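Peer 1: Protein chains in written order, with numbering that gives the first Met the number 0: chain Z, 0 to 714; chain H, 0 to 136.
In short, the hints are calculated from the structure, not lab data.
Model, not experiment: these values are computed from the prediction.
Note that CB positions come from ideal geometry on N, CA and C, so glycine has one too.
You may find that some hints are simply not true.
Stated by the list, open to error - Computed from the model, here is a short list of chain Z residues facing chain H with C-beta under 8 Å:
#, residue
1, T9
2, P12
3, R22
4, R37
5, A39
6, S43
7, V288
8, G292
9, S334
10, D657
11, P658
Unchecked claim - So the derived list for chain H, only partly shown, Cβ under 8 Å to chain Z, looks like this:
#, residue
12, G9
13, E10
14, H21
15, Q23
16, D30
17, T33
18, S49
19, I53
20, F57
21, I87
22, L92
23, G93
24, M94
25, L103
As the list claims (entries may be wrong) - The following residues of chain H were derived to be distant from chain Z, with all beta-carbon distances above 10 Å:
#, residue
26, P4
27, M8
28, D22
29, R38
30, K42
31, M68
32, V71
33, V85
34, E106
35, R107
36, A114
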Amino acid sequence: MLPILTVKITSEPDVVLARQRARQLARLVGFDAQDQTRIATAVSEIARNAYVYAGGGHVEFLIEGQTAPQLFAVRVVDQGPGIPHLDVVLSGQYQSSTGMGLGLVGARRLMDVFDVDSTPGCGTTVVMRKLLPRRTPLVTAAGLPSLLDALAATRSDDPLTEVRSQNQELLRTLDELRRRQLELARLNGELEDTNRGVVALYAELDEKADHLRRADELKSRFLSNMSHEFRTPLNSILALSRILLAGSDGPLTVEQARQVQFVRKAADELLELVNDLLDLAKVEAGKIVVRPGEFTVDRLFGALRGMLRPLLLNPALDLVFDDAGDLPPVVSDESKVSQILRNFLSNALKFTERGEIRVGARVEGPRITFTVRDTGIGIAPEDQETIFKEFNQLDHPLQRRVRGTGLGLPLSRRLAELLGGHVGVESTVGVGSTFSLTLPLVYVPAAPGAAADVATRDPYVEWRTDPGRIPILVVDDAAETLLLYQGFVRGTGFELVPARTVPEARQLLKTVRPAAIVLDIPPTGEDGWAFLAELKSDDDRRDIPVMVVTEVNDEPKARALGAAAYARKPVDSAAFLDGLRALVGPQAGKRILIIDDDDVARYLLRSALREMPYVVSEASSGLHGLERARTEHPDLIFCDLRMPGVDGAEVLRMLREDPATRDIPVVVNTVRQLTPGERAELERAGAAVISKEVFATGTAAVEIRRVLTRAGVAV
Amino acid sequence: MERIPILKMGEFVLVSIQVDMHDQLAMTLQDDLTAQIVRSRAKGVLIDISALEIVDSFIGRMLGNIASMARVLDAETVVVGMRPAVAITLVELGMALPGVKTALNVERGMELLRATLGTPVETGRAPAESPNGHPQN
């Protein structure tokens with residue numbers, strides 16, 4: 000069944016339209032003139048019935064059958080009350096009140112097949128069919144559009160009818176449009192629903208991403224915190240084994256010494272792992288600060304050579320540094336570059352059994368590339384990326400024998416990225432590997448804030464005072480006098496810090512806080528007096544006692560300017576030392592309080608202070624420490640930051656609140672790396688900071704001396 | 000309001016249906032035509048349906064009605080120009096248009112009317128197939 004056209008019957012003119020369409024269609028599908036008239040007349044009768052009796056309906060034109068002859072069918076459908084006496088009407092007995100009773104009967108005569116289906120109350124459907132002439136071409140779905148085009152081209156002679164037919168088409172088009180609009184609205188609604196779904200999904204994704212970010216942050220924090228926790232006991236082990244090995248409490252037997260050596264080595268390795276982990280966590284958390292400075296590759300190689308030569312125990316292996324004397328200086332963070340190259344080198348040393356390891360550098364444009372080439376086991380291409388991932392170690396017999404943290408290369412990569420460069424590897428299994436580090440020749444900080452930190456650091460050469468002795472600044476232009484004084488103090492607790500000129504003395508005072516100053520004032524040198532007056536008008540240095548040693552006989556003037564002692568040249572050894580002792584003597588009995596819950600930490604600190612003339616007392620908790628601070632009124636307090644109960648920050652705050660303890664200098668002694676914020680806060684509260692790691696590295700005495708000097712209690 | 004024009008030609012009126020009329024238009028024509036017959040005292044009515052491709056039962060009935068009314072108003076009606084296909088269809092439909100005289104074209108229709116009115120010849124020259132033209136006389 001192939002529907003061609005539907006005409007709606009809603010008014011009288013529609014009946015006319017229907018029969019005209021019927022005639023036109025009949026012509027187009029191939030009926031002759033007589034049949035065209037028959038069909039049109041039959042349609043007119045039935046369509047009129049639909050309009051008159053049912054108030055309207057519609058007329059459908061169809062083609063039935065797919066082989067010749069096809070049937071031309073017309074269905075007239077209405078929703079009227081139905082035909083009451085169908086049998087009577089069809090028998091021709093019915094006398095219509097409007098027509099001549101000819102509608103149905105006549106139409107039936109005009110068509111080949113005629114069916115009426117009428118249900119009272121439900122409407123009537125009349126189907127009329129007529130066979131197409133045999134010779135006409137088949138009407139197919141494919142041919143339908145051209146048929147309809149031809150129909151559209153058939154213009155009625157009557158403009159009114161034409162307008163009407165166009166009107167109806169317009170109405171149909173409008174109807175179609177409305178349906179499409181409804182469809183569009185429905186689709187729109189569906190799209191909106193989908194959109195809402197997508198938005199919800201996005202929100203969910205955001206949430207997930209947020210979770211991941213937080214999880215990542217937690218991981219970094221966990222790593223960082225755990226690493227710190229590990230460092231405390233490790234530092235204790237290292238420091239204690241150092242003390243044991245030094246034999247300061249009695250010598251060890253050879254066997255014991257070896258065992259302690261092993262303990263120390265194991266602890267060293269563990270500390271290395273922890274430090275790598277910590278570094279990695281810090282890089283991930285963006286906490287590592289790049290401190291660029293200028294250095295030469297030559298110097299860098301020298302330092303590396305010095306560090307790594309001791310590790311080169313294998314006689315079949317050579318460590319060669321290329322000559323780097325011609326290379327331009329590099330501005331970058333030397334310690335980080337060194338750390339990366341050390342990583343490369345220690346890997347090369349691990350995985351190369353014979354041959355050589357060659358370290359080189361070359362400059363290409365604005366970048367410098369360092370290479371470490373070995374003749375080791377090599378890395379398969381598929382593994383060359385994985386080795387830069389955390390905790391990845393390749394499976395190799397040699398790999399199993401030599402242990403590593405699995406963190407060295409990942410850390411190197413991150414550090415290189417931090418410096419604006421990258422690391423790479425080229426390798427052939429069995430031939431060797433070349434690791435490379437490429438960096439900009441001049442480091443460009445990522446953020447403008449990064450460089451400021453560098454600018455504020457002054458590049459002085461610090462006078463390293465001997466922490467075990469009492470520094471005395473001697474200002475004398477005569478070298479032989481300085482030599483003489485050096486002889487005087489030899490074997491005493493004093494250490495001479497010599498200055499040949501007043502400007503030099505000023506410079507030294509920036510970094511050294513001497514227990515006393517011996518000031519020579521030559522007869523001609525007026526700036527000596529000025530320097531004395533300057534010292535005494537400086538709030539920070541007023542307390543440093545000054546002994547004026549001069550050929551000028553003017554003790555009242557010296558005393559008036561604030562000199563604590565006066566000696567006429569020439570002075571002898573006894574007078575010089577007595578004078579000094581008189582000046583610094585009162586400091587000798589100073590008290591130091593150590594507040595720390597960790598027995599080992601207290602023990603280590605006390606050991607470091609043993610050589611110095613202080614009275615040391617201890618407290619194992621914050622509260623206990625506060626109590627001691629009030630009763631003993633120590634000259635300095637060492638306080639651990641992390642303690643159960645009242646912690647270091649709390650102790651510091653309470654000390655500052657109590658007038659009795661307000662002025663006691665406090666040194667915060669911590670194992671944790673402080674954030675700049677924490678550090679600033681502690682410094683605001685008047686505390687100096689010292690890292691507990693100094694006990695493990697053996698620099699404790701120097702560091703302690705430094706903070707004591709800063710705190711003004713150095714002897 | 001659309002109407003079918005009605006022309007007066009001497010003592011006859013001529014209606015030439017050029018459009019496919021809907022039923023109301025046909026009814027209006029019926030009314031207009033009877034009014035015009037009275038107004039113009041026409042003796043004859045010529046209805047030209049040569050342009051009509053379809054004459055169904057309603058229009059057929061309308062033509063019959065016009066003829067009957069005209070006769071009552073003392074006028075003769077001749078339907079001219081019916082197409083053969085229309086004629087065949089009308090017969091098949093069961094409508095013989097009783098009481099309606101027909102002629103092949105307007106000219107023959109005029110002759111028929113004149114013959115009916117002016118000369119005593121009753122049926123002689125009528126060419127169309129309506130031998131039972133006026134049983135009421």
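Peer 1: Which numbered conditions among the earlier hints are violated in the structure presented, ordered from lowest to highest?
Peer 2: 1, 7, 8, 9, 10, 11, 12, 13, 16, 17, 18, 25, 28, 33
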